[in-house]
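Colleague: So you can see what is in the structure, the chains are spelled out below.
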Amino acid sequence: MNSIVSLVPLFPLLGFLINGLFRKSLSKTAAGIIGSGAVLLSFIISVYLFSDIKGNEGYIVNLFDFINVASFKISFAFQVDQLSVLFLLIITGIGFLIHVYSTAYMKEEVPADFARYFAYLNLFVFSMLLLVLGANYVIMFIGWEGVGLCSYLLIGYWFSNTDYNYAAKKAFIMNRIGDLGFLLAIFWILGKLGTATYSEVFDLRNTLSETDITAITLLLFVGACGKSAQIPLYTWLPDAMAGPTPVSALIHAATMVTAGVYMIARSNVLYAMSEVSSDVVAVVGLATAILAGTIALYQNDIKKVLAYSTVSQLGFMFLALGVGAYTTGVFHVMTHAFFKALMFLGAGSVIHAMGGEQDITKMGGLYKKLPKTTWTFVIGVLAISGFPFTSGFISKDEILISVFEKSQVLYWFAVFAAVLTAAYMFRLMWLVFFGGFRGTHEQEHHLHESPAAMTIPLIILAILALVGGFVQLPEAFGGKEYFNEFLSPVVPAMSHEGSSVATTEYYMLTGTVIGLAVIYFLTRKKFAVSMFEGVYTGVKKFLADKWYIDELYDAFIVNPLNAFAGFLKSVVERSGIDGLVNGVGRFVNYSSRQVRLLQSGQVGSYILFMVLSITVFFLVFWNQDNIAHFLTNIF
Amino acid sequence: MPIQYYIALASCLFCIGVVGVLTRRNAIIIFMCIELMLNAVNLLLVAFSKMSFGAHPGASEIAAGTDAQLFVFFIMVVAAAEVSVGLAIIVMMYRNIHSVDINFLNRLKN
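Residue numbers (the numbering used here), protein chains in the order written: chain S, 2 to 636; chain H, 32 to 141.
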């Protein structure tokens with residue numbers, strides 16, 4: 002009965018195989034049904050597992066030995082506990098909605114490409130499920146690599162576009178840098194403890210020295226930085242928007258990029274032991290949140306704004322993890338999955354209506370033609386900005402309170418980041434949906450609400466974004482923290498000092514309302530307009546150009562590496578290796594040509610050589626003892 | 032006479048033969064030089080045979096050292112056969128290229 006969990010990743014795997022192998026013969030309807038159905042089945046089983054695990058101990062399902070060498074054993078096992086089941090729900094639930102949405106969004110593709118898309122998507126879901134279900138770091142790493150691969154494949158889905166391929170490669174390579182850190186951490190754990198199974202590692206954690214713990218946690222965090230787009234490895238995520246929009250929603254907002262958060266939440270006992278690592282996580286997270294927030298303020302591509310917003314929100318999650326509020330970080334993963342998937346799908350709907358246009362300077366006033374998209378998107382904006390009692394308010398509020406208890410300095414920076422979030426989101430909302438239309442007549446004529454397969458997922462996600470936070474409503478507002486309670490067997494919640502929290506909560510509530518009201522009116526005046534150039538100068542240009550981080554990387558890492566590779570190619574490869582190999586050939590050629598002259602056809606010379614050889618032979622024969630003696634003296 | 036005299040004479044003959052083969056171009060002279068080397072060896076065989084004759088009293092006649100002298104006869108017979116073949120080749124060569132100079136023999140064709 003326990004092994005029912007292995008069905009969860011099995012269905013998407015089957016879906017991947019069917020869609021992948023028969024993609025040329027499947028119709029679009031069939032491919033869509035297989036792709037979505039596989040994830041729906043996984044979701045149903047996940048719901049069953051969820052109801053089953055509630056309040057129970059987690060358990061491990063051993064499938065087979067993955068590596069078995071002498072005393073060293075790594076089993077292919079699934080960990081079923083509250084944390085992994087929660088992620089199962091997020092992945093399969095939101096994954097299903099996005100699959101359904103994709104059937105409409107991708108319907109212009111030819112059938113073979115359509116099936117290929119769903120095959121990749123199912124493979125992604127499979128890998129992601131493997132990642133969260135693995136009972137040891139090695140299985141997690143397999144899933145980790147799998148999602149990286151699928152991310153690459155889906156970013157480069159329209160592979161005939163060279164720029165998209167570059168974006169895919171960039172994502173893959175930057176992820177590899179992080180993966181190296183993760184891999185080193187696994188080696189370190191295996192080297193010190195001889196096991197990678199979570200429960201055993203956590204039981205043995207006290208045998209590790211402080212250096213070991215710090216090194217392991219920091220290396221794991223390097224892995225998380227790559228996958229979850231934190232400084233300094235975040236630049237791939239905005240470029241990853243080259244992929245189809247539902248892919249951005251699923252992979253680059255709701256699930257894959259939160260893998261780093263999952264990993265740290267899973268390893269929370271290790272992070273709790275290392276003050277240094279936790280501080281690094283918190284500071285990097287906060288810095289990322291602010292950096293990405295400032296960039297998002299001046300982007301003109303609707304998906305780029307959302308991408309930087311994702312980076313920024315991921316920064317918030319890491320901030321929460323860094324200050325020790327692990328459940329809060331995971332909670333923000335969940336709420337963020339709701340509202341960010343919602344907004345990406347909303348953006349997809351807008352792009353669909355605009356006929357592929359992504360530039361927000363050419364949009365405006367879409368609320369008249371796309372009512373459902375508009376109102377669900379507005380709900381997403383309110384949630385991410387932290388409008389009271391939406392899911393985003395509750396999760397972000399809790400992050401801020403946790404940070405406040407840890408450090409006041411960090412708190413004010415975090416508040417600044419939250420203000421940035423609200424500012425760029427309201428800007429986006431006004432520019433896209435309100436004011437006057439700024440596009441061409443053709444586009445205006447083309448505007449239409451998306452089909453039901455796209456709007457129904459939007460509505461479901463909007464409801465979740467609105468009320469999804471209530472599972473964790475603070476006691477100050479008469480709620481109960483069910484979410485913390487649910488996760489408590491795996492991830493301990495941060496304890497707040499009871500008395501002050503309630504007052505702080507009310508202060509935060511008031512502050513949020515005032516702040517949002519100010520931002521609302523400021524941005525409305527500025528951005529709900531009929532004319533918007535979107536051209537910036539000075540500091541704004543600096544931010545619009547993303548702090549020139551890409552250019553910085555190009556100048557200091559990419560170009561020197563290219564130059565070095567060019568040096569290796571032209572000097573070491575061409576002149577060195579090739580020169581050596583060709584040189585041997587040329588030498589043999591040349592010497593053969595010279596030696597050939599010996600065969601002159603002159604009988605006399607042959608006889609001379611014969612006589613000389615015989616003479617040498619006899620000399621050697623008679624003196625062999627002396628020669629042997631001589632040789633032994635030399636060597 | 033001491034054996035050294037024979038060895039010295041045979042060595043001289045052999046060297047003359049070698050140098051003759053190496054330096055001369057006339058096929059007949061080269062042929063004669065080869066015969067010279069052959070006979071230098073024959074001379075040595077006879078000389079060593081004479082030297083060791085009776086060195087082992089009581090041994091059979093062959094073991095006593097006469098076997099080498101028998102060898103010499105064989106060699107002479109074989110040499111005679113070889114000469115006839117060799118001279119025949121030289122005659123053929125003369126018929127073809129009207130010369131017995133071996134430097135004209137640097138081609139196998141024609």
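These aren't lab readings, by the way, just hints derived from the structure by calculation.
Do not take every clue at face value.
[Claimed, not checked] Just some of the chain S residues that point at chain H, by a computed CB distance under 7 Å: (1) Leu609; (2) Met611; (3) Val612; (4) Ile615.
Note that the structure is a prediction, hence the values are computed from the model and not measured.
Virtual Cβ for every residue (Gly too), placed ideally from N, Cα, C.
Colleague: If a hint holds in the structure, say so; if it does not, say that too.
Modeller: Structure-based check of each hint:
1. Leu609: holds (5 Å)
2. Met611: violated (10 Å)
3. Val612: OK, holds: S:Val612 within 7 Å of chain H, min 6 Å.
4. Ile615: violated (10 Å)
When held up to the earlier numbered hints, the structure conflicts with 2 and 4 and fits the remainder.
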